[in-house]
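Colleague: Sequence:
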Amino acid sequence: MADDTSDTLVISDKRKIVRKFGRAIFSKDATVLISVSNIKVMTASKVIAAVQGALGEDSILSCVPKNGDVYEVSLIDIESARAIVDKELKIDNQPIFVRHLSSKVKVVSFMHLSGLITDEQIESKLKLWRVELLGPIKRRRYENTDVFDGTRFMRVRFPPDVSSLPYSVGFQIESGVEYYSVRHDHQEKVCFSCLSPGHLNAACPDRICRSCNKRGHIQRNCPESVCSTCDTIKKDCVCDPPIIWAIGATNVKNKPQR
63 MADDTSDTLV ISDKRKIVRK FGRAIFSKDA TVLISVSNIK VMTASKVIAA
113 VQGALGEDSI LSCVPKNGDV YEVSLIDIES ARAIVDKELK IDNQPIFVRH
163 LSSKVKVVSF MHLSGLITDE QIESKLKLWR VELLGPIKRR RYENTDVFDG
213 TRFMRVRFPP DVSSLPYSVG FQIESGVEYY SVRHDHQEKV CFSCLSPGHL
263 NAACPDRICR SCNKRGHIQR NCPESVCSTC DTIKKDCVCD PPIIWAIGAT
313 NVKNKPQR
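Quick note: the sequence shown uses the working numbering, first residue 63, plus one each step.
In case anyone wonders, no lab produced these hints; they're calculated from the structure.
Mixed in with the good hints, there may be bad ones.
Below are the DSSO-like pairs computed for lysine-lysine, each with C-alpha atoms no more than 30 Å apart in a straight line [as the list claims (entries may be wrong)]: (1) K251 / K187; (2) K102 / K90; (3) K276 / K189; (4) K200 / K187; (5) K166 / K187; (6) K128 / K102; (7) K166 / K102; (8) K187 / K108; (9) K128 / K276; (10) K128 / K152; (11) K189 / K251; (12) K276 / K200; (13) K128 / K166; (14) K90 / K108; (15) K102 / K149; (16) K102 / K251.
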């Protein structure tokens, strides 16, 4: 009987398979997203070193920088992805957040907020979007200093029907409302009202037009024609008979003043 012990070990160990055949097998289930506080400071080489330190030198296949201070990291197998999600990793003594590619758990950053905006105001925005805060709101510092740059980031969980947050959000301060950027991985353009992709706020099916009381558009974009005399849609117009204005016409009513 042939001794197939070595072959069995090679087949059961995917890392040996990659080394033996010189090819990598990428899988969505073996891919994680790693969020850092500042992608310019926490470079890809530091992320790779942290992953290899936790899982071994042959554990990582690729490390791709994405938008929103996130790296997409493909690992050698599903087991490695599961293992690293459960670990507490740090780079330069700062925690980094690891989650599965399809996870509803994300790290959201509010960019360069005024110091006058409180954490409670951020929590109120998250509650308005039905987004669950999973940990403390943290503040990003300039490199090698204790000075904050205004950016605050936090670990959250999206509800099942929400895939993205708006690109900007307004906060009330003493001088009025100021708008700030919101960033997270896999972000897409969504409606401000319902957070759904595919349409903008002006065409949201939840919006009700003040002119025709129909859903799906705002008054400025109302398709109903409006009477030029009384400023109501023509089906509700009370002007009788219609008034026609002509240059030099006589025996006509004075045009009403608006």
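Colleague: Next, verify each hint and record whether it holds.
Modeller: A quick look at each hint next to the structure:
The suggested pairing of K251 with K187 holds, with an alpha-carbon distance near 18 Å, which does not exceed 30 Å. Restraint check: the Cα-Cα separation between K102 and K90 comes to about 26 Å, which is no more than 30 Å; the hinted pair holds. Between K276 and K189, the direct Cα distance comes to roughly 28 Å. Compliance with the 30 Å bound is thereby established for this hinted pair. For the hint pairing K200 with K187, the CA-to-CA distance comes to about 16 Å; that is within 30 Å, so the pair holds.
For the hint pairing K166 with K187, the CA-to-CA distance comes to about 18 Å; that is within 30 Å, so the pair holds. With a C-alpha separation of about 12 Å, the suggested pairing of K128 with K102 holds against the 30 Å cut-off. Restraint check for K166 and K102: satisfied, since their Cα atoms lie roughly 25 Å apart, inside the 30 Å limit. Pair hint K187 plus K108 does not hold up; C-alpha atoms about 33 Å apart against a cutoff of 30 Å.
Of the pairs offered as hints, the one joining K128 and K276 is violated, with about 41 Å between alpha carbons and a cut-off of 30 Å exceeded. At most 30 Å may separate the alpha-carbon atoms for a hinted pair to count; K128 and K152 meet this at roughly 19 Å. Using a Cα cut-off of 30 Å, the hinted pair K189 and K251 holds, with the two alpha carbons roughly 20 Å apart. Distance hint between K276 and K200 is unfulfilled; the C-alpha atoms sit about 43 Å from each other, more than 30 Å.
The hinted pair formed by K128 and K166 meets the criterion: a straight-line CA distance of about 17 Å does not exceed 30 Å. Between the alpha carbons of K90 and K108 the distance comes to roughly 23 Å, so the proposed pair stays at or under 30 Å and holds. Between K102 and K149 the alpha-carbon distance is near 23 Å, which keeps this suggested pair within the 30 Å criterion. At roughly 25 Å between alpha-carbon atoms, K102 and K251 fall within 30 Å of each other, so this suggested pair holds.
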